[in-house]
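Chains as they are written, first to last, in the working numbering: chain P, 1 to 111; chain U, 1 to 117.
Do not rely on the hints blindly, as some may be mistaken.
Said to hold, decoys possible - Simulated pairs of lysine-lysine, DSS-like, Cα-Cα distance not exceeding 27 Å:
# : chain 1 : residue 1 : chain 2 : residue 2
1 : P       : K98       : U       : K41
2 : P       : K98       : U       : K55
3 : U       : K66       : P       : K98
4 : U       : K64       : P       : K98
5 : P       : K3        : U       : K41
6 : U       : K55       : U       : K20
7 : U       : K55       : U       : K66
8 : P       : K52       : P       : K3
9 : P       : K69       : P       : K98
What the hints contain is simulated information worked out from the structure, not anything from laboratory work.
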Amino acid sequence: DAKTTQPPSMDCAEGRAANLPCNHSTISGNEYVYWYRQIHSQGPQYIIHGLKNNETNEMASLIITEDRKSSTLILPHATLRDTAVYYCIVLGRFGNEKLTFGTGTRLTIIP
Amino acid sequence: GAVVSQHPSWVICKSGTSVKIECRSLDFQATTMFWYRQFPKQSLMLMATSNEGSKATYEQGVEKDKFLINHASLTLSTLTVTSAHPEDSSFYICSATPLAGSTDTQYFGPGTRLTVL
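If we strip away everything but chain U, and leave its shape as in the complex, we get:
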């Protein structure tokens, strides 16, 4: 149980285009999902906290107009990188916490590797 999926697993796009990444909790409902970014040889950095039905909370330094987050249901959150540029190339990872039950931890997706040419 507690499986989180991401789609796509990797994407290559041209500079200036927008890319949408999906994060789904497959066997549980999650009111809160998190989005992280990880550059090569660095640790994960939290980008934003996504709550179902409300606006995302962005970490300091993360442009909300560039990284659009939508959490329309209890099992799906999307991250759209708008007008992507090469410096946005990174490994994007989401996590989710089950709505109810005995677990009290976050489960992570497998990540999406974005390469902007």
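Just chain P, with the same shape it has in the complex:
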């Protein structure tokens, strides 16, 4: 699976959009970009995933660059409950592939 690079930490003001970047320059054509988050002392929570088109769901938006070498997860209106570690993971389509978690980005929402 392709390696990902994320900033170790970010702050965002409550109510503002949180933009979390991820670099995955070695991604292959059939690999997807997945985002999970882990709130302290809980199991990871699936957020969103995409291949090459931008995706949006009730939790977030995922913007993938045209060359697919990087992506940005956008939380449109961050709340205090969005404080968590966010993981960007690249892997094949099927959910039964094992996930390799990097160090992620620790997002802190500031009141």
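Start from chain P and add chain U according to the hints.
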């Protein structure tokens, strides 16, 4: 939908005893479940891949005789930490992928915090 539960949520045991952790997919069937371990301030590390009806596949460095995994049904996988020692104290998390349907991602349980005294 797609809820995964773990039991117990936390456990404290004496050194040398064995502890069993259950992982259940509540509203879906899963042929594959994964077990992860997470030490404080570290990321999740995959321990093993559990397939229903077959032996688990362990990651390098994970002792299969110490961490026994049983996946007897499409909704239940268990992890038994045998002869636990203080260094086994950790946060254990399972995940599962629905057998069929449009989803193609893994859903995680809430985790089990093991403390070995």
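A quick look at each hint next to the structure:
1. Pair hint K98 of chain P plus K41 of chain U holds up; C-alpha atoms about 21 Å apart against a cutoff of 27 Å.
2. The suggested pairing of K98 of chain P with K55 of chain U holds, with an alpha-carbon distance near 16 Å, which does not exceed 27 Å.
3. Restraint check for K66 of chain U and K98 of chain P: the C-alpha separation of about 21 Å stays at or below 27 Å, so the hint holds.
4. Taken as a hint, the K64 of chain U and K98 of chain P pair is honoured in the structure, with Cα atoms around 18 Å apart against an allowance of 27 Å.
5. With a CA separation close to 21 Å, the supplied pair K3 of chain P and K41 of chain U stays within the 27 Å bound.
6. In summary, the hint linking K55 of chain U to K20 of chain U is supported, as the alpha carbons are separated by about 17 Å, within the 27 Å threshold.
7. Of the supplied pair hints, the one linking K55 of chain U and K66 of chain U holds, its CA atoms being roughly 14 Å apart against a limit of 27 Å.
8. As the CA atoms of K52 of chain P and K3 of chain P are separated by approximately 17 Å, the hinted pair is consistent with the 27 Å bound.
9. For the proposed pair K69 of chain P and K98 of chain P, the alpha carbon gap of about 21 Å is at most 27 Å, so the pair holds.
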